[in-house]
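S.K.: One letter stands for each residue in the lines below.
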Amino acid sequence: MTRILTRHTDQPDQVQLDVARRGGAYQGFEAALSRSRQEVIQEVEASGLRGRGGAGFPTGRKWSFIHPAPDRPVYLLCNADESEPGTFKDHYLLKRDPHLVLEGIAIAAYAIGAHKAYLYLRGEYASLAMVMAGAIEQAKAAGILGDSCLGSGYGLRVSIQLGAGAYICGEETGLIQSLEGRRAYPRVRPPFPASAGFLDQPTVVNNVETLANLPWIMTEGADRYAGVGTGRSAGTKLVSLSGQVSRPGVYEVTMGRPLLQFLNEEGGGMPPGRQLKAVIPGGTSVPILSADEAAGVTIDYESMQAAGTMLGSGGMIAFDDTAQMPPALLRIAEFYAHESCGECTPCREGTGWMAWVLKRLLAGEGRVNDLDLLLRTGDNMEGRTICGLGDAAVQPVQSFIRKFRPEFEALLPPAPDPSPPWQRHGHGPRSARMGPPAVEAALSEPVEGPPTASL
Amino acid sequence: MPLVTVDGQQIEVEPGATIIQAADRLGVEIPRFCYHPDLRPEGNCRMCLVQVEGFARLVVACATPVTDGMVVSSPHTSAETAEAVQGVLEFLLINHPLDCPICDQAGECSLQDFYMHPDYGLHTSQVDVVEKVRKRKRIELGPRIVLDSERCVMCSRCVRFSADISGLAELQFIHRGNRVELIAFEDRALEDPYAGNLADLCPVGALTSRDFRFRRRVWHLAHTDSVCAGCSTGCNLRIDHAENRIERLVPRRNPAVNSSWICDEGRLSYLRANGPDRLSQPLLSGGEEVAWPDGIRHAQELLATDDASGTRPLLALASASATNESLLLFKHLVTRAFPHHRLDFRLSQETDLVGARQDHLLRRWDKHPNTMGAFYLGFSEQPGGLDDYLQAAEAGDCVALVLLYYPPLVGDELPPVAAALARLLELCPHSVVLTTHRLPYLKGASLSLPVAAWAEEEGTYTNYQGTVQHSAKATEPPGAAREATAVLADLLHTFTNHRPSTAPEVLFAELEHTVAAYRGLDYQHLPSRLASVYPPEGRMHYGEEGFSGR
Amino acid sequence: MRRLSDRALAEIETARREEDSARHALLTALRVVQEERRQVGPDEVVQIAALLSLSPATVEGVARFYDQISEEATGRQVLSLCRGISCQLCGADPLAREVLDNLGIEDGGRTQDGSLTVRLVECIGNCDQAPTGMLDTAFVGPLTSTVLSELLTRWRR
Ligand SMILES: Cc1cc2nc3c(=O)[nH]c(=O)nc-3n(C[C@H](O)[C@H](O)[C@H](O)COP(=O)(O)O)c2cc1C
Ligand code: SF4
Ligand code: SF4
Ligand code: SF4
Ligand code: FES
Ligand code: FES
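As you go down the protein sequences, you meet chains E, V and Y in turn.
Under our numbering, think of the first position of the first sequence as 1, with each following residue one higher.
Under our numbering, think of the first position of the second sequence as 1, with each following residue one higher.
Under our numbering, think of the first position of the third sequence as 1, with each following residue one higher.
With the rest of the complex left out, here is chain E (with noise of 0.2 angstroms):
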C-alpha cells in the first residue's frame, strides 16, 4: 500500500529537522513556492483530498473561497482540538512527525495567502505543544518559516495556541471563538469563516491530517494522489482503532479497505474468546454499525455512508460479545451533555435530557415510553442546531436503540397491567418503577440483540 502519512512515523529522531529533511521533509513545501498560489490550490484540487477532520468537504475548494485584499489578513487555523471521543490519530502525527504537520501547515497557509497561522491544539496536548514548538523554532532558525519562506520571499508565522479543556473548541467556528479570547460558542453561518472567520478576517480551519496529506501531493501530483483509493474518496485515512480490539493503534489505511479485513489484520481480531458485536467506525458521533452491518462497508465515504454511517474523524471503536449497549450509550451521551457548550436551545436541553433520560433508564426508573421518547427528541434536536455537536449527539442514541433495541426494552418497566385492579394477582399495587436489582438481573443476564458476526 502506499504510505503517505506514515512514511516516518517510525523514523526515531524524526522530531529533528535534519533528520526530517533527510526523509523529505518540506520538499513539498518547496515544490509549492514555486508555483503560483492559484495553481496550488488546483492542484489541491484535482487530488481530491477531502477534509479529515470529519465533515469531508473538498480541501482545495474550500481554500478556494478566500479571497484576500490587501487590508484583510488571511488566517489559516490548523484544528488540533481532537476531542472526538475515540480519535487519537492527530495525536500520533503531532507527536512522530511534527515537521510534517508544519510543511502542511506551511503550504495551506502560502496557498490561501495568510502570513499568520495557527496551531490550535487540545489542552490536554500540552506535552505536544512543546514538541511543535521545536519543530517551528528548528524550522524558523533554517530559514523555512519567517519572514522569507525557504528564500522565495513569501513570509510566515506560526504560533501555537493550546485550548483548556471543551470538546467544542474543535468546531471550527468554536475554535474561532476560543482563539479570540471568548466562550467557544460557535457561530451562526452565514457568514462563513472565509469571509469573516478569525478576528472577522478570512480564515481557513484545516485538520491536522488533512494538512498533512499536502506535503505529498505537492511532491507526487494530484493524479497519483488521486489514484490512491477509491472514487470520491481519495488517498488514505489514519484509522484510530481502541476499545475491545486486540492491537489498538493507529493505522494507515488506503481508502477502500475492507473494514472486518482491518479489524481483523491491522487490529488482531477480537480479544481471545471473544467475537465482533458491534463498531463505531468514526468517532462518537456517527451511527454504530452492528457486526453484521459492518460485514460489508469498506474504509471510505461512499461505503460508510450506504451504510448509513460516516466515515467521520476514523476514530473506530470495536464492542466485543462482553459489551453492555446501555451502560455505553449513556457514557457516550454523558459526553455530549457535558460538552454541549450551551449556546442553543436544542442542544443544551436536548443533551442533558437525553442523558438524564438513560440515566433515570439504568438507574430502573425508566417509564414504558422512554425509548420512543429517547427517538423523538432526537428527531427534534437533528437539523436545528447552530453547530454539528447537535446532530452528533443524536446519532449514537438513535442507533444504539434502534440497533440494540431488545437490550434497552429489558430495562424498561413492564407495560401497565390492563386489567382491572380486582382481577389482578398477588397482593397490594403493583410498581409501575422497577428497582435496581432488577435491573441488575436484566444486564448480566445475557439479552437477545442482533446477531455477533465472527471475524
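There may be inaccurate statements among the hints.
To be verified - Facing chain Y, according to a computed beta carbon distance under 8 angstroms, are these residues of chain V, among others:
#1 Cys103
#2 Ala169
#3 Glu170
#4 Gln172
#5 Ile174
#6 His175
#7 Arg176
#8 Ile183
#9 Ala184
#10 Glu186
#11 Leu427
#12 Tyr441
#13 Val515
What the hints assert, rightly or not - As a list, the in silico DSSO-like pairs of lysine-lysine whose alpha-carbon atoms are at most 30 angstroms apart:
#14 Lys359(E) / Lys403(E)
#15 Lys137(V) / Lys359(E)
#16 Lys443(V) / Lys473(V)
#17 Lys95(E) / Lys116(E)
#18 Lys359(E) / Lys132(V)
#19 Lys331(V) / Lys443(V)
These are calculated hints, taken from the structure and not from any lab test.
Being a predicted model, the structure only gives us computed values, none of them experimental.
Ideal Cβ placement from N, Cα and C applies to all residues, glycine included.
Could you slot chains V and Y with the ligands onto chain E? The hints should help.
M.R.: Just chains V and Y with the ligands, lined up with the frame of chain E:
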C-alpha cells in the same frame, strides 16, 4: 432588490436583510427570543426556524439573509416548522421553573405567549421532568434589576446589550450545556446607567425591574406613546399609567433617535415630574393661594404700568423644557404686549452643550428637551444671558420678569441655575413665574402660577438633531395646575384682548408657517427629522459672545 | 489579593502582543494563571481582567467555560482518569472507583493533605492506551490496579 415570499405574501427588501426583517414588515409574526432588531444576531434560541423552499433543513429567520426569489413558510403555514418550534418550546420547558403564578413577567412573557399560541403552542407535552437543573433565584443586581437565573432562556440579549451597547460587559454566561447560567461577577450591582433596558429586553421573567416589580400586573396599564423630556436626545418612550398615575416608562424603538433604549435617569424622570412638591394652586409671594381669575388679575397688576405703553419693560425667560407650542404663545405674549422686552431661553450653562454627549450612547449634557425648538423660535435674538440680566438687576436696573420654568427631570435636583434665579427674583419686585413645581429657589416670585408638567400636556419638542417629536398627555395635572398654553392664552387675552387657540395642532400649524426650519411638517406625522440639521452634533455657538462650549 | 508573579505577567504580555486584539490573549492568560495558582478564582479573574482591559464578568464567563480552568484550587498535582467510551470498554470505571475509594475522595476532589486532585475526564485522545489517564500533562496508560497503586505510592513519597 431581492423579492421574498413569506406565507404567500411578497415583499422586496434591501440586500442583506434577513428573513425575519422581511416577515416583520409583512406583519407575519415569527416567534423569537434571541432576535432583537438593535442587537447583533446570534441565532441561539432556534424559535424562529422557518422552511425555505429548496433547502434541506429549516433555517433561522433571524440570521438568514434573504435571497431573490426565496419562498419562506413560517409556523403559521407549515406543519413541519410548527412542529420544530413546538420541539424548541418543549426543550425550553425542561428546565424552566413552574413560576408563572408568582412571576412578574406574567402578561409580558414571550415563553408564556408562545406556549399558548394556537399555531405552534404546546398543548400536550411528553416531557415530565422530575429533576430540573437548579439555579439561583432572586439576585439583586443593584437598585434597578433583579435576576432569576432559573427563568433565563439563555437568549443572550442581555449579554449582548451589556457588551455591545452599553459596553460595560457586566453580564455573562458561565459553565456549559444545561448548566449554563447568567451571572454578574460576584453578583455585583450593575454600574450600567442603562441597566433598566435589561428588564425590557429580557423576553421572560429572568431580568425584571425592581422599580416596577409586583406593583401592578401589566394588563391593568394604559399605554401612551411619547418622548422623554430628560435631555436633548428626546428618546422615544411609552408611558404606562393607570388611575392618573404613571407606573413606568419603557423605551419605544426609533432607530434614528434612541434605537430601543432609554437611560435609567430618563426612565425614572416621571418620579420627579410627578413629585410631591408640585405647585397646584396660584400662589402669592406671601404664601396665599388664590383662584385662577385672581391669579391672572394679579399678573396683570404686576406687569402693567400707567405710562403710554401700558406695560413695564420686561425680561422674559422661558426654559427650553417648554413645548414648542408653549414657547410660541410665550413669544406672542412678550412681543405683542411688551414693547420693551428681552426674550431668552438660556437659563443655564448646560444649554451651551446642546449637542454634546454625556456618554457614547444617548445621554446629553443639555437636560432640556427643547433647546433646538427655543433656538428655532428665535428666543435668543440678542446677545446676553442670565448672568448679564443678573448684573443689570444688581445694578438696580430692575425690570418686570416673566419666567416659564420647568426643573430638569434628570440630573442634580438643584440645577446650576438655581442660585442665579433666586437672586434675580429677589431683585425684581414684579415677577410672575409659571412653574410646575414649588421650588425653594423660586420662592422670591411675586406670583407663581401652576402649570402642567411633562406628560400632562400635549405638544412638541425639537431634539438636538432637529427632529421634531410629539410629546403626549397621559395624566391630568395636579390640583388647579393647567397647561402652560392655557395660562399663556389667558395672559394674552388679558394684555391684548385677543385669545389665541390652544389646540396643539393649530399652534403647530402656525409654527410650520412661520418657522423656516419647520416648513412642510405635519403635526399628524411626527416625529419628523428636519431636512437641515443645525447645529451639527457637537458644541453650539450662538450670539457673538454667546455660549461657548465647555 | 495575591499578585501574579512577574513570570506570569511577562507570559501574558507576550501573548497580548501576538495579535492586535488584547482579548485574544485571554485563553493563554487563563492557562498561565491556572498553572501558577492552580486556580482561577475571583482574585485571579480580577487581575486578568485588569491586565487585558476586559470586564471581570467577561473573564469569569470564559474561565468557567473550560474544564481545565478551575475555580477552586487543585492539588499540587492533578491525576486525570479517562472515563471515555473506549476506556470504559476496557474497564476504566471500576479502576477509577478503586482509586477514588483508596484516596477517600470523590470526582474532582483533593486528597486530605491537599496535594493531589483526581478528576474523571472525557476522552483525552490516548485511547490505544486504554484505560488511560494523565498525571498533570503526562499521559499514563494502560492503567491497571498495579500501575495505579505504583503511581500513587511514588506520588506519596
Ligand atoms: C462538535 C464538533 C467537533 C469537532 N471537532 C473537531 C476536531 O476536534 N478536529 C477537527 O479537525 N475537526 C473537528 N470538527 C470539524 C471542524 O468543524 C471542521 O469541519 C474541520 O476542522 C475542518 O477541517 P477539514 O476540512 O480539514 O476536515 C468538529 C466538528 C464538530 C461539529
Ligand atoms: S449545537 Fe450544541 S454545541 Fe453547537 S452551538 Fe448548539 S449548544 Fe453549542
Ligand atoms: S436573562 Fe433574559 S435576556 Fe438575559 S439571556 Fe436570560 S432570558 Fe435572555
Ligand atoms: S438619554 Fe436623555 S432623552 Fe434619553 S432617556 Fe435619558 S434623559 Fe431621556
Ligand atoms: S430568534 Fe432566531 S434563533 Fe432566536
Ligand atoms: S476514551 Fe479514554 S482516551 Fe479516549
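S.K.: Does each hint hold? Answer for all of them.
M.R.: Do the hints match the structure? See the list:
no. : hint                  : verdict
1   : Cys103                : violated, 25 angstroms
2   : Ala169                : holds, 4 angstroms
3   : Glu170                : holds, 5 angstroms
4   : Gln172                : holds, 3 angstroms
5   : Ile174                : holds, 4 angstroms
6   : His175                : holds, 5 angstroms
7   : Arg176                : holds, 6 angstroms
8   : Ile183                : holds, 7 angstroms
9   : Ala184                : holds, 6 angstroms
10  : Glu186                : holds, 6 angstroms
11  : Leu427                : violated, 52 angstroms
12  : Tyr441                : violated, 41 angstroms
13  : Val515                : violated, 47 angstroms
14  : Lys359(E) / Lys403(E) : holds, 19 angstroms
15  : Lys137(V) / Lys359(E) : holds, 27 angstroms
16  : Lys443(V) / Lys473(V) : holds, 28 angstroms
17  : Lys95(E) / Lys116(E)  : holds, 22 angstroms
18  : Lys359(E) / Lys132(V) : holds, 14 angstroms
19  : Lys331(V) / Lys443(V) : holds, 24 angstroms
In the structure shown, a violation is registered for the earlier hints numbered 1, 11, 12, 13, in ascending order.
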